[in-house]
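**Student:** In order, the protein sequences belong to chains A and B.
In this text, residue positions in the first sequence follow this note's numbering: the first is 1, and each later residue adds one.
In this text, residue positions in the second sequence follow this note's numbering: the first is 1001, and each later residue adds one.
No incorrect hints appear here.
Just so you have them, the derived chain A footprint on chain B, three or more residues with Cβ under 8 Å:
#1 1122-1131
#2 1206-1218
#3 1367-1373
Hints listed in this document are in silico derivations from the structure and should not be mistaken for laboratory results.
Positions of the beta carbon are idealized from the N, C-alpha and C atoms, including for glycine.
Residue-level listing of the chains:
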Amino acid sequence: MAVFSSTEELHRIMEDLWNAIKSDEQMAGQLLASRLIVQFHYREPEGRLTIDCSDGVEMKIHSGECEKKPIVEMFMKSDVAHEFWLGKVNVPMALLQGKIVSKGPVSKALALLPALKPAYPMYPTVIKNNGLKVSV
Amino acid sequence: MNPFIFQSPTKVLFGEYTTTGCADLLLELGAKRPLLVADGFLLESGMLDPMIDNLRGLGEEPCIFAEVPSDSDVACVDKAAQLAREHGCDSIVAVGGGSVIDTAKVVAICLTLGGDLLDYQGLNCIERKLVPLVVVPTTAGTGSEVSFVAMIKDKKEGKKLLFGSPYLAPDVAMLDPTLILSLPPRLTAATGMDAITHGIEAFVASGTFSVATDALCLESLRLMFRHLPEAFSRGDDMEARSATLVASTMAGIAFTNSGVGIVHALAHSVGAKFGTHHGMTNAVLLPFGMEFNMEQAEQRFARIADYALASDCLEFSGKSDSYKAAFLLDRIRNLLVEFSLPKSLKELGLPELDDDVLNELSCMAASDPAIMFNPRETTDEDLIEIIKRAY
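Next up, chain B with everything else stripped away, as it sits in the complex (with noise of 0.2 Å):
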């Protein structure tokens, strides 16, 4: 077996209404004035209601920022940072989705270091704790409750800042399924097939998986291939929710761990140049990368497909890894018609791609960290082919 470290050091509480108990999670972590970075269309729903009376049980209203937007930025973590020194903030809650979980991030870093939030960017730099930070995710695909890392926009720049440390990590990860049953059936697919796109690329990453990155890998695609299509088609029912849910955690902490891959550098690199859905475009992208890995990757493949889709398939016994390999594959892309989502780039809503865009998609791509850990060695023309066939 090969050497490995395996780090996980959020606390994870799942249950129905779990949140009611934040205001003492947070008195355990010496806290008691947090600032609480919300999705709005949450906060306005009033789902958010139960939480902020628990949060007025330490004594004062809590001071709350509703205006992160889709795509965060240097100027609405600023904004943020300068609301909770006024209100003198001691911690962070953050409920959303991966936009407001990674907003609440950079703003830990802004409230505990201060200076020039550039002087953090990059890997592994930041040096100490930073403020407590509980997160609720309200979309079952992101993994940012429990990653290491977060990204945001330097709109004036135009590029994305990429900060990465163990530091980053939330304290908490408070999952409650009822948070999500409201999720339109769209976004419930395209943040899902993100969490199966980081299972399946945690569990090939090149030279960094585990046992334990393994386990979490194959239970949490199992858990989303049996039940993400139940919750596309039944929002409301609480057991598939609650499975998605928990999936998408275990595959964040199992991407965490191990890295991803080539999926998701291309789908990085598509969605700063035209502004694309993360998890939708990981869903056109990821049997096209699997197709690209099949080679390097098929005996994986095959077991992921053994233990996550045996139930699937009566004959799978005694069939070849690359019948099984395929088999996965086709699922994915069955999945992708069940759906109703695009199957292409185009269909995604890109425009043509001239050999410029090609060629400027294909650099990020080659320059994103994710592509580090990818199971096959690309070069550009690689890239070029494969967004020309996604296309």
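Bound-form chain A, shown alone (with noise of 0.2 Å):
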């Protein structure tokens, strides 16, 4: 059985998860620097998350459709997000698997992965807020 029930649920999760990103500074330093859009494609639910730093000032972060073009994409089961943010995905192993599906310029959605690894301890108190009953 998935995680997430639903698609507003899996949105309403991701985006208080990244609103959290956004408040933490060195976080979002990083990420702003980067100036990438990435967009994230869920399935199982289905769901679409685009973060938008492309301004360098303001992450922006939107759920569902989203007219700007990414910069990288990356496609996966909303499943396999929600064990990525409890530190529980080997990334290597996935990407070699086929689990997550990475398009674009790969290099530069890697270089922001240890950027994001204060944000795992963040996501069980996100998960907690919005009552998902899953043992993390």
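Reconstruct the complex from the two isolated chains, following the hints.
**Tutor:** Pasting the structure below:
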């Protein structure tokens, strides 16, 4: 059974998490410096989240359809995203096995992975606040 | 045992003059009008004549593209794809080194999927089978004949484009040792050191190696350590050439499944910045990368030494892992001396590296996909320190 019961729940939780990241000066600073536009495509349930750092000033978080053209796109099951934020995904293995598909300049996306590590401890709180009942 | 997935979709054929059976292979794959992407030097030398004669058996004069530069780019791919379309080609045969084979892989994307090449840049975003691709490596080192990746330059934008997908694995790799007999000693050594680097980095890759990749790495390294010096000093030694060619392909299958590491990440950065030869850059950086990984990988290095180098050391049994790992590191350093290869980035031809260049190189290495597989986590400071030591 999928961790997220609906697209709405998935979007709400991912938006909350990214807003928490946006509030963290250090993480937000590193992401803004990249000036990347990253779009996450989720399936089971379907979902889409766009993180726009292109102006280098304000990180914009947008769920659902977005007209902005992404620089990097990541495709994965919603469950893989959940496991990722719990710090349980071996990213190299997931890429080798095709569990994560990365479209665009991969190196730019990978460079941000270390910057996102401080967000892992935030995620359990975000899902708890949203009433998601899963073991972490 | 950790769970793993191992895949190697490429059919591998080995044998002297095996390439003279290329036409039949293409027919098996449902193709009869190949684009031959060939190394210009080999084509002019006449070494490919038997293969081209064989391809004429398909009924038409083969369509040949022999303009691939040593560092291939989008313009070259576009030109080759255009030629293939004009001649109604339904498949590709690539004969050459890594640049030729990578070009052929990207041409296969263009021919099959059309549209904008940049749409397929990335990992795993090619979702269906490409036109049949048969490759014949003419160096023993890159492993591109069995790998899932291709890298070409976008000179206009000044960046490298990475394409990675199981669908990029060639359908067939034909290993013909007669085609590498004339490879000059220095290139033999440099490409061989590339294969050794693949074997070592794939064997210690973080959390992605498996018993299947272990077997390939160990035997590949045993063959390389034994036969590369022979192939270097006696280029016409068919046994040595055969062993290094097969070992290189084995290492290619291994790293395709488990990844490489910090040596490749740094070599890609140095190569992109200064245009240095990939194999030679790996050769210079390998001892420094191994030293950096020593604490995390000592046991694995010792296993390599146990399997691949035991015959070199009469008093190996009963020795500690640290002794064996150090023995392996010494063996690598001695090979650089034996092959008269550069032992530092300075000897490789790099100018003085100021702080800006060091930062640029470390940023590029930190964002290289290869770094993900390194057994020891790295910081920008670590990368700069390694570059400084290697200089």
